[in-house]
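Number of protein chains: 2
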Amino acid sequence: MDHKDRSVIFKALGDPTRLRVFEFLASCCCPVAVGDEGEVRPVLGPTVGEVCCSVIGTEKISSSLSFHLKELRNAELITMERRGKNMVCGVNQATLAQIRSYFSNVGGCCGEETEMKQ
Amino acid sequence: MDHKDRSVIFKALGDPTRLRVFEFLASCCCPVAVGDEGEVRPVLGPTVGEVCCSVIGTEKISSSLSFHLKELRNAELITMERRGKNMVCGVNQATLAQIRSYFSNVGGCCGEETEMKQ
DNA sequence: CATATATTTCTATAAATGTAGAACTATTAA
DNA sequence: TTAATAGTTCTACATTTATAGAAATATATG
Chain A
6 MDHKDRSVIF KALGDPTRLR VFEFLASCCC PVAVGDEGEV RPVLGPTVGE VCCSVIGTEK
66 ISSSLSFHLK ELRNAELITM ERRGKNMVCG VNQATLAQIR SYFSNVGGCC GEETEMKQ
Chain B
6 MDHKDRSVIF KALGDPTRLR VFEFLASCCC PVAVGDEGEV RPVLGPTVGE VCCSVIGTEK
66 ISSSLSFHLK ELRNAELITM ERRGKNMVCG VNQATLAQIR SYFSNVGGCC GEETEMKQ
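Chain order of the listed sequences is A and B.
FYI, in this note's numbering the residues of the first sequence are 6 to 123.
FYI, in this note's numbering the residues of the second sequence are 6 to 123.
Careful, some of the hints might be misleading.
Pairs count within a copy or across copies, as identical chains cannot be separated in the list.
In silico DSS-like pairs for lysine-lysine, Cα to Cα no more than 27 angstroms straight-line [said to hold, decoys possible]:
#1 K90 <-> K65
#2 K9 <-> K65
#3 K90 <-> K9
#4 K65 <-> K75
#5 K16 <-> K75
#6 K9 <-> K75
#7 K16 <-> K90
Calculated from the structure, these hints are not laboratory results.
Given the sequences, and given the hints that come with them, work out the whole structure.
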């Protein structure tokens, strides 16, 4: 995750609607599943329509929501996969882990208070 | 730190120049000092001019950098304080701690892989 | 195949954002 | 008090971004 990736990630989370979508998806458990052959499979999370209901509060999916989902996908903050007529969404745990790691390392060289003269 | 605060923070970090400024300041040690009376005092970090040299690469401070610093201050990601002719900058450790805490809690209900049928 | 459902893409538009230069403010030093 | 330095604010402008509606695509179903 380089500087460019990070600014794309933060820009994606910088929009209130997108942050809500991200937080809603993050609040939906079971982000990753392992299939019979041991393969890691994408999440069976809410559909775009369900995200729309919960986050936007409308039945009809707007092009605006599609746009925001695309931005979140572009930042690799979420994944989406077709299930029949629907698209199901979930947070990308790998990226979330990278962000956590970034923040545990940034500015961490001497975070505690330091005694000082004058 | 509510939803609004977070989106302001992420939006601030979402601009490549601001992210560079933030990371530069975060890389400058000793963010907090405690004075003789026990009061927590702002960092004695780089001046705006020094930030400009390191991050933008120019001698002359642009209004654009001032604007970015204002955004970072508004998000409470950095603090600034006058020292004579200069303004000195540093990251706001309290906010940084809040962001760390946010990311350790978001989407963390079952982050590990889960066995699944079908 | 025709229709319904779910979602995306396209196009236009309005609002927000970043940049540049000039003018302004605060502090120090002569 | 005048000049120099350091930085900010103001104004204008170009670019980017978010939103809305219409048309297009993909899948399921009758």
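Each hint, compared with the structure:
Taking identical chains as interchangeable, the C-alpha atoms of K90 and K65 lie at most 27 angstroms apart only when both belong to the same chain, with a minimum of 15 angstroms there against 57 angstroms between chains. Taking CA atoms no more than 27 angstroms apart as the test, K9 paired with K65 passes between copies only; the shortest distance there is 25 angstroms, against 34 angstroms inside one copy. Taking CA atoms no more than 27 angstroms apart as the test, K90 paired with K9 passes in neither setting, with 34 angstroms inside one copy and 34 angstroms between copies. Taking the shortest Cα distances, K65 and K75 sit within 27 angstroms of each other inside one copy (18 angstroms), while across copies they are farther apart (39 angstroms).
Taking identical chains as interchangeable, the C-alpha atoms of K16 and K75 lie at most 27 angstroms apart whether they share a chain (13 angstroms) or sit on different chains (17 angstroms). Taking the shortest Cα distances, K9 and K75 sit within 27 angstroms of each other both inside one copy (17 angstroms) and across copies (22 angstroms). In this assembly of identical chains, K16 and K90 lie within 27 angstroms of each other by CA distance neither inside one copy nor across copies; the values are 30 angstroms within and 34 angstroms between.
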